[in-house]
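**Student:** The chain contents come next:
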Amino acid sequence: MNNIDQQFVDVDFTKDPNYVCGYTGKQSELAAKLCRYEDAAKVYTDAEAREIADNLAKTSAGMEWLVAAIKNQKQEGSCVGNGSTQAFEIVQGLKFGKDRIVQISAMSLYKRIGNSAQSGAVVSDAWDELEAKGVLPLDNEENKKRFKHTHPATGFSKPLPNGWEETARLFKGLEASVCDTMPELLSALCNGHPVVVGREGHCICYVRPFVKDGRWAMLYANSWGDWGIGAGDHKAGFGVDTETQIKKSSDWAFAIRSITAPDFQTERT
Amino acid sequence: MRPITKPLAALALLALIVQFRPDGIQGSTDAKHIVIVEESSERNATQAAVYVQLQQGTEAERRKAKGCVLEVIDRDDTDEGGNVVIPPADYEGLGLPAILFYSKKNGKLLYKQSLGKEFTVESVSKLCKGHGA
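For the protein sequence lines, the chains are A and B, in the order given.
For the first sequence, counting from 1, position 197 maps to 197 in my numbering; every step adds exactly one.
Convert by adding 1000 to the 1-based position in the second sequence; the result is the number in my numbering.
Hints were generated in silico from the structure; no laboratory data involved.
Hints may be right or wrong, so weigh each one.
[Claimed, not checked] No farther apart than 30 Å at their CA atoms in a straight line, the calculated lysine-lysine pairs in the DSSO-like style are these:
id, chain 1, residue 1, chain 2, residue 2
1, A, K42, B, K1112
2, B, K1105, A, K145
3, B, K1112, A, K172
4, A, K58, A, K247
5, A, K42, B, K1108
6, B, K1064, A, K145
7, A, K145, B, K1066
8, B, K1129, A, K58
9, B, K1064, A, K58
10, A, K172, B, K1104
11, A, K144, B, K1126
12, B, K1117, A, K58
13, A, K172, A, K247
14, B, K1104, B, K1129
15, A, K172, B, K1105
16, A, K248, A, K235
17, A, K148, B, K1112
18, B, K1064, A, K144
19, A, K148, B, K1064
20, A, K144, B, K1104
21, A, K212, A, K42
22, B, K1129, A, K145
23, A, K42, A, K248
24, A, K172, B, K1129
25, A, K42, B, K1126
26, A, K235, B, K1108
27, B, K1066, A, K144
28, B, K1126, A, K58
29, A, K133, A, K42
30, B, K1108, A, K172
31, B, K1104, A, K148
32, B, K1104, A, K58
33, A, K248, A, K172
34, B, K1066, B, K1129
35, A, K172, B, K1064
[Unchecked claim] Ranges between beta-carbon positions, derived for each pair:
id, chain 1, residue 1, chain 2, residue 2, range
36, A, A132, B, D1090, 27 to 35 Å
37, A, T59, B, V1084, 27 to 35 Å
38, B, G1067, A, R146, 14 to 22 Å
39, B, A1089, A, C35, 22 to 30 Å
40, B, A1065, A, Q118, 43 to 51 Å
C-beta atoms are modelled at their ideal positions from N, C-alpha and C, and glycine is treated no differently.
Bound conformation, chain A alone (with noise of 0.2 Å):
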């Protein structure tokens, strides 16, 4: 990450021509049931982080390498479907394998968040509908053939499919934490699980940290389609946010730890 093109850094959302506003900034309550990510796994210090970070930059380990596909909100304020569904994946291909991910539809969880089109969302709510009722797989060819319902990835006004509730609970979140420090997110990172934030106006999934100047970045998949750096195996779809950006997004952020294994996808006999 030496050689990042700078208009991709510390992005200004709402000046770029894609953004619409998803992110409405306000949180309900931190549920109780949902513990904050240093009481429920391990925190790193500074430096401890540090070294992790470098270890991951010279790697082929960070979560990038598990994003499946960039997606693409278009002119929807669905980013907050996006990213939760982004993480969701991250942590399937963590869990079965990278090849075994499916793409899931972030439109069949930004539709129960969200009021419309335009509404943008809140980003607890999304993990509260993940643990819920869980999500529908995207309705790409793959997916129609294996999956009773399936769900496009844009489109606030098509319905869910009647009984859609059959085939989300095969994908709902199982557990994660809230990270409301700088501390917390860079942990819940180095330790493999995909931190949903939203700044301004705007959410995205952070995937890895590393030190850029001396001073801590963070790369996120963005759903944006073709926008932004390449990483992973993508030639696009990434950019990074500093430091500043970073305690931003830190206000208030959910890390996946996991979620449910189902018989399909654990191939049990």
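Using the hints provided, position chain B relative to the given structure of chain A.
**Tutor:** Just chain B, lined up with the frame of chain A:
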């Protein structure tokens, strides 16, 4: 020993070896379902980096070519019915993370061991190869 009994004894010995030979040891070609059981809240950065590297790239392709899959499952993970995915009996007595090798053909648990707290992509890969995966 009379000449006729020698081949019989050899056959009996062979039968004994086959009976007690654990499935999945080196040379077995059956596809394997490998599970690393962990406690995700205790996962450290080294382990996470290993999991990411195991689940994509050349190591994943190598296993896939053999028809094998590897999963990283939290001991509390449940399926869609709310049932715990990995029976605790399968890793009883082992420190977590532990690696379990199942036959993909019949689901039989073939081999298990603790990975300890410190392990590498290379050490897990060696274990997989040693068990036909």
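**Student:** All the hints need checking, so say for each whether the structure fits it.
**Tutor:** Outcome of the hint check:
Between K42/A and K1112/B the alpha-carbon distance is near 26 Å, which keeps this suggested pair within the 30 Å criterion. A hinted pair counts as satisfied when its Cα atoms are at most 30 Å apart, and K1105/B with K145/A qualifies at roughly 24 Å. Distance hint between K1112/B and K172/A is fulfilled; the C-alpha atoms sit about 29 Å from each other, no more than 30 Å. Taken as a hint, the K58/A and K247/A pair is honoured in the structure, with Cα atoms around 25 Å apart against an allowance of 30 Å.
Restraint check for K42/A and K1108/B: the C-alpha separation of about 34 Å exceeds 30 Å, so the hint is violated. Distance check on the hinted pair: K1064/B and K145/A sit about 22 Å apart at the alpha-carbon level, within 30 Å; holds. As the CA atoms of K145/A and K1066/B are separated by approximately 25 Å, the hinted pair is consistent with the 30 Å bound. A distance of roughly 25 Å separates the Cα atoms of K1129/B and K58/A; the hinted pair therefore holds under the 30 Å criterion.
Straight-line distance between C-alpha atoms of K1064/B and K58/A comes to about 25 Å, which keeps the hinted pair within the 30 Å bound. In summary, the hint linking K172/A to K1104/B is supported, as the alpha carbons are separated by about 25 Å, within the 30 Å threshold. The hinted pair formed by K144/A and K1126/B fails the criterion: a straight-line CA distance of about 38 Å is larger than 30 Å. A C-alpha spacing of about 22 Å is found between K1117/B and K58/A, which places the hinted pair at or below 30 Å, so the restraint holds.
With a C-alpha separation of about 29 Å, the suggested pair K172/A and K247/A falls inside the 30 Å cut-off, and the hint holds. For the hint linking K1104/B to K1129/B, the alpha-carbon distance of about 16 Å falls within 30 Å, and the restraint holds. Straight-line distance between C-alpha atoms of K172/A and K1105/B comes to about 28 Å, which keeps the hinted pair within the 30 Å bound. With a C-alpha separation of about 27 Å, the suggested pairing of K248/A with K235/A holds against the 30 Å cut-off.
The suggested pairing of K148/A with K1112/B is violated, with an alpha-carbon distance near 36 Å, which exceeds 30 Å. Proximity of K1064/B to K144/A is assessed by CA-CA distance (about 24 Å); at most 30 Å being required, the pair is judged to hold. Of the supplied pair hints, the one linking K148/A and K1064/B holds, its CA atoms being roughly 27 Å apart against a limit of 30 Å. For the suggested pair K144/A and K1104/B, the alpha carbons sit about 26 Å apart, so the restraint of at most 30 Å is met.
As the CA atoms of K212/A and K42/A are separated by approximately 24 Å, the hinted pair is consistent with the 30 Å bound. A threshold of 30 Å between alpha carbons decides the hint, and for K1129/B with K145/A the separation of about 33 Å lies outside it, so the pair is violated. For the proposed pair K42/A and K248/A, the alpha carbon gap of about 22 Å is at most 30 Å, so the pair holds. For the hint linking K172/A to K1129/B, the alpha-carbon distance of about 33 Å lies beyond 30 Å, and the restraint is violated.
A hinted pair counts as satisfied when its Cα atoms are at most 30 Å apart, and K42/A with K1126/B qualifies at roughly 28 Å. Using a Cα cut-off of 30 Å, the hinted pair K235/A and K1108/B is violated, with the two alpha carbons roughly 42 Å apart. Of the pairs offered as hints, the one joining K1066/B and K144/A holds, with about 27 Å between alpha carbons and a cut-off of 30 Å not exceeded. Distance hint between K1126/B and K58/A is fulfilled; the C-alpha atoms sit about 22 Å from each other, no more than 30 Å.
The hinted pair formed by K133/A and K42/A meets the criterion: a straight-line CA distance of about 28 Å does not exceed 30 Å. Restraint check for K1108/B and K172/A: satisfied, since their Cα atoms lie roughly 28 Å apart, inside the 30 Å limit. Taking the CA atoms of K1104/B and K148/A, the gap is about 25 Å. The hint holds against a cut of 30 Å. Of the supplied pair hints, the one linking K1104/B and K58/A is violated, its CA atoms being roughly 35 Å apart against a limit of 30 Å.
A hinted pair counts as satisfied when its Cα atoms are at most 30 Å apart, and K248/A with K172/A qualifies at roughly 28 Å. At most 30 Å may separate the alpha-carbon atoms for a hinted pair to count; K1066/B and K1129/B meet this at roughly 10 Å. With a C-alpha separation of about 26 Å, the suggested pair K172/A and K1064/B falls inside the 30 Å cut-off, and the hint holds. Taking 27 to 35 Å as the suggested C-beta distance range, the pair A132/A and D1090/B conforms, at roughly 30 Å.
T59/A and V1084/B have their C-beta atoms about 32 Å apart, which keeps the hinted 27 to 35 Å range intact. Distance hint for G1067/B and R146/A: a CB-CB separation of about 19 Å, consistent with the stated range 14 to 22 Å. Distance hint check: the CB atoms of A1089/B and C35/A are about 29 Å apart, consistent with the given range 22 to 30 Å. Separated by about 47 Å at the C-beta atoms, A1065/B and Q118/A satisfy the suggested range of 43 to 51 Å.
Going through the hint list in order, the structure does not satisfy hints 5, 11, 17, 22, 24, 26, 32.
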